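S.K.: Okay, here's what each chain looks like letter by letter:
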Amino acid sequence: MRGLRKSFNGELVLKGLDFDVARGEIFVIMGPSGSGKSVLLKHIIGLETPDEGEILIEGQPIQSPQVMERYRLAMLFQSGALLNSLNVGENVGLYLAEHRLKPPAEIARIVAEKLELVGLKGLEERSISDLSGGMKKRVAIARALVIEPQLMLYDEPTSELDPLTAVTIAEEILNLKERIHVTSLVVTHDRDLAFGVADRIAVINEGQILTIGTPAEVRRHSNPLIQKFLNADFNRNHAK
Amino acid sequence: MFQNIGELVILFWRTLQALPLTWRQRQKVFDQFFEIGNASLLMACILSLFIGGVIALQTGPVLVERGLASAVGGLVGISMCKELGPVMMSVLIAGRIGSSMAAEIGSMRVYQEIDALRTMNINPVHYLVLPRIVAIACALPLLVIFSVLVGWVGGALVSVGNDQIAITFKAYFSNLSDVVDVSDVLNGLFKSFVFALVIGVVSCHQGLQTIGGPRGIGRSVTKAVVNSIVLILILDYFLTRILL
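Residue numbers (my numbering), protein chains in the order written: chain A, 1 to 240; chain B, 1 to 244.
Treat the hints as calculated values from the structure; they're not laboratory data. Predicted model, so just to flag it, every value in this text is computed and none were measured. Quick reminder that beta carbons are idealized off the backbone N, C-alpha and C, glycines included. Warning: the hint list may mix true and false statements.
In the SDA-like style, the derived pairs of lysine to any residue whose C-alpha atoms are separated by at most 20 Å in a straight line are [stated by the list, open to error]:
#1 B:28 - A:98
#2 B:28 - A:85
#3 B:28 - A:90
#4 A:136 - B:120
#5 A:42 - B:111
#6 B:28 - A:96
#7 B:28 - A:104
#8 B:28 - A:99
#9 A:102 - B:112
#10 A:42 - B:208
#11 A:114 - B:120
#12 A:102 - B:120
#13 A:136 - A:160
#14 A:102 - B:123
#15 A:42 - B:110
#16 A:42 - B:112
#17 B:28 - A:86
Computed spacing ranges between beta-carbons, pair by pair [stated by the list, open to error]:
#18 A:127 - B:41: 24 to 32 Å
#19 A:206 - B:222: 30 to 38 Å
#20 B:218 - A:113: 36 to 44 Å
#21 B:218 - A:231: 36 to 44 Å
#22 B:226 - A:216: 53 to 61 Å
#23 A:224 - B:14: 45 to 53 Å
#24 B:6 - A:191: 40 to 48 Å
#25 B:241 - A:206: 55 to 63 Å
#26 A:231 - B:213: 31 to 39 Å
#27 A:103 - B:41: 31 to 39 Å
#28 A:60 - B:42: 56 to 64 Å
#29 B:14 - A:103: 25 to 33 Å
#30 B:14 - A:86: 22 to 30 Å
#31 B:6 - A:33: 33 to 41 Å
Construct the complete structure from the given sequences, taking the supplied hints into account.
M.R.: Printed below as a string of structure tokens:
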């Protein structure tokens, strides 16, 4: 990412972001709500265009036809973003069915396989509205896996989840790295998730990167903003 | 306003470009088509029956006074197929189906489902807009044919049953068939086809433009219905002038 800048209604949201992500690593972008993390992801998947700067994959702009042809991206949205009008199986197989990449029987086999990978074997016919938050996230992961992405983007993957389900999702992120060697970019404000899965962490605040380093380096960083974010804790004696 | 019109034209153009993909999306077209039918058939039937009846009731006694009692059939026939059938059905469909299209696409936009489609390289115009516009463009003219027939029957029932008019079915339908020409029916069908495109494009456009939460969806639905009805009434005048 090179000098990425973006403003909305005159307010600068991304103030010149520069960083590299290595192939196969889990790179976590961590920061408080409203720091520009989700806007950054939208730029990567092409839902927003930057005012300045560029996003490159091996030296070529991410939205160029060559990159689009060679690399597949998938994104796990904060809400899961499953299509409510389709059942679980149709959601997972949507990419293959719409692009007619496989015959229906083959799609059904792949869907079953991906659902089994995320621990939801046999739920193809289940309606989306009958799923819990964690199950929806796992269906969304299965849907992303069908694309067989080289780059997987996660937008707040553990938000709105109970701690046990959050752990399952974190394990899933690690498993995917092991199984399909996918490069992962995780955007989160969940400190446990960030330090649990990251190879490297970038801390972002008000559209600027404060630091990039391994989890241990970030933990030791002297920047007071980083320390405040990492060590924020609720103390009932301080509550008014 | 001009930006909106420009966006509507662009969306319509993109849908036209996607027309060759209709066969691939046929299942969604059928689903939408049957949804439109299910949602509107009974309503269309009741509405048309009473509209036909009211025209007969309003005009019948006046015509009887002037010794033109049998002309009720022609009057009901021509008003139903050239004007009231297409316009009333289009207004009904704008409220019943246009609102549901805007709400469905709007909630998909708000809850990032459309963003998810884009990340899978699935074009929302092909996946969401095309099937809806093709379905409504096929369903509305058929609904208008149904409405016209029911309206004629409504007019006939009142013309026969009302003491102030009291003509026979035979006299009613004989005058109707003398006055109403195939071109009159085609005129109404052409209007309804144009109105269907207006409802489809306006409603899908409002859905795709939705921002914010539930309040944004509500705003889109209201705009979709109001803008569709206003455009239908304006276009009705110009189409009537052209087709006269």
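S.K.: Now tell me, hint by hint, if it's right for this structure.
M.R.: Okay, the hints, checked on the actual structure:
1. As the CA atoms of residue 28 of chain B and residue 98 of chain A are separated by approximately 12 Å, the hinted pair is consistent with the 20 Å bound.
2. As the CA atoms of residue 28 of chain B and residue 85 of chain A are separated by approximately 11 Å, the hinted pair is consistent with the 20 Å bound.
3. Distance hint between residue 28 of chain B and residue 90 of chain A is fulfilled; the C-alpha atoms sit about 13 Å from each other, no more than 20 Å.
4. Using a Cα cut-off of 20 Å, the hinted pair residue 136 of chain A and residue 120 of chain B holds, with the two alpha carbons roughly 17 Å apart.
5. For the suggested pair residue 42 of chain A and residue 111 of chain B, the alpha carbons sit about 15 Å apart, so the restraint of at most 20 Å is met.
6. Distance restraint check for residue 28 of chain B and residue 96 of chain A: the Cα-Cα separation of roughly 17 Å lies within the 20 Å cut-off, and the hinted pair is therefore satisfied.
7. A C-alpha spacing of about 17 Å is found between residue 28 of chain B and residue 104 of chain A, which places the hinted pair at or below 20 Å, so the restraint holds.
8. With a C-alpha separation of about 15 Å, the suggested pair residue 28 of chain B and residue 99 of chain A falls inside the 20 Å cut-off, and the hint holds.
9. Taking the CA atoms of residue 102 of chain A and residue 112 of chain B, the gap is near 26 Å; set against the 20 Å cutoff, the hint is violated.
10. For the given pair, residue 42 of chain A sits about 17 Å from residue 208 of chain B by alpha-carbon distance, which is consistent with the 20 Å threshold.
11. The straight-line distance between the Cα atoms of residue 114 of chain A and residue 120 of chain B is roughly 16 Å, inside the 20 Å bound, and the hint therefore holds.
12. For the given pair, residue 102 of chain A sits about 15 Å from residue 120 of chain B by alpha-carbon distance, which is consistent with the 20 Å threshold.
13. Between the alpha carbons of residue 136 of chain A and residue 160 of chain A the distance comes to roughly 11 Å, so the proposed pair stays at or under 20 Å and holds.
14. Distance check on the hinted pair: residue 102 of chain A and residue 123 of chain B sit about 19 Å apart at the alpha-carbon level, within 20 Å; holds.
15. Proximity of residue 42 of chain A to residue 110 of chain B is assessed by CA-CA distance (about 15 Å); at most 20 Å being required, the pair is judged to hold.
16. The hinted pair formed by residue 42 of chain A and residue 112 of chain B meets the criterion: a straight-line CA distance of about 11 Å does not exceed 20 Å.
17. With a C-alpha separation of about 12 Å, the suggested pair residue 28 of chain B and residue 86 of chain A falls inside the 20 Å cut-off, and the hint holds.
18. Between residue 127 of chain A and residue 41 of chain B the CB atoms are about 27 Å apart, so this pair conforms to the stated range of 24 to 32 Å.
19. A hinted range of 30 to 38 Å holds for the C-beta pair residue 206 of chain A and residue 222 of chain B, which are about 37 Å apart.
20. At roughly 41 Å, the beta-carbon separation of residue 218 of chain B and residue 113 of chain A lies within the given 36 to 44 Å, and the hint holds.
21. The supplied range of 36 to 44 Å is met by residue 218 of chain B and residue 231 of chain A, whose beta-carbon atoms lie about 43 Å from each other.
22. In this structure the supplied range 53 to 61 Å holds for residue 226 of chain B paired with residue 216 of chain A, their Cβ-Cβ distance being about 59 Å.
23. Under the hint 45 to 53 Å, the C-beta atoms of residue 224 of chain A and residue 14 of chain B, about 51 Å apart, fit the expected range.
24. Taking the beta carbon of each, residue 6 of chain B and residue 191 of chain A are about 47 Å apart, inside 40 to 48 Å as hinted.
25. A beta carbon spacing of about 59 Å between residue 241 of chain B and residue 206 of chain A agrees with the range 55 to 63 Å that was offered as a hint.
26. The hinted window of 31 to 39 Å between residue 231 of chain A and residue 213 of chain B holds, with their beta carbons roughly 33 Å apart.
27. A beta carbon spacing of about 37 Å between residue 103 of chain A and residue 41 of chain B agrees with the range 31 to 39 Å that was offered as a hint.
28. A C-beta distance of roughly 58 Å is found between residue 60 of chain A and residue 42 of chain B, which places it inside the suggested range of 56 to 64 Å.
29. For the pair residue 14 of chain B and residue 103 of chain A, the supplied restraint of 25 to 33 Å holds, since their beta-carbon distance comes to about 29 Å.
30. Look at residue 14 of chain B against residue 86 of chain A: about 23 Å separates their beta carbons, and that is inside 22 to 30 Å.
31. As the Cβ distance of residue 6 of chain B to residue 33 of chain A is approximately 36 Å, the hint placing it in 33 to 41 Å holds.
The structure is inconsistent with hint 9 alone, although it conforms to all the rest.
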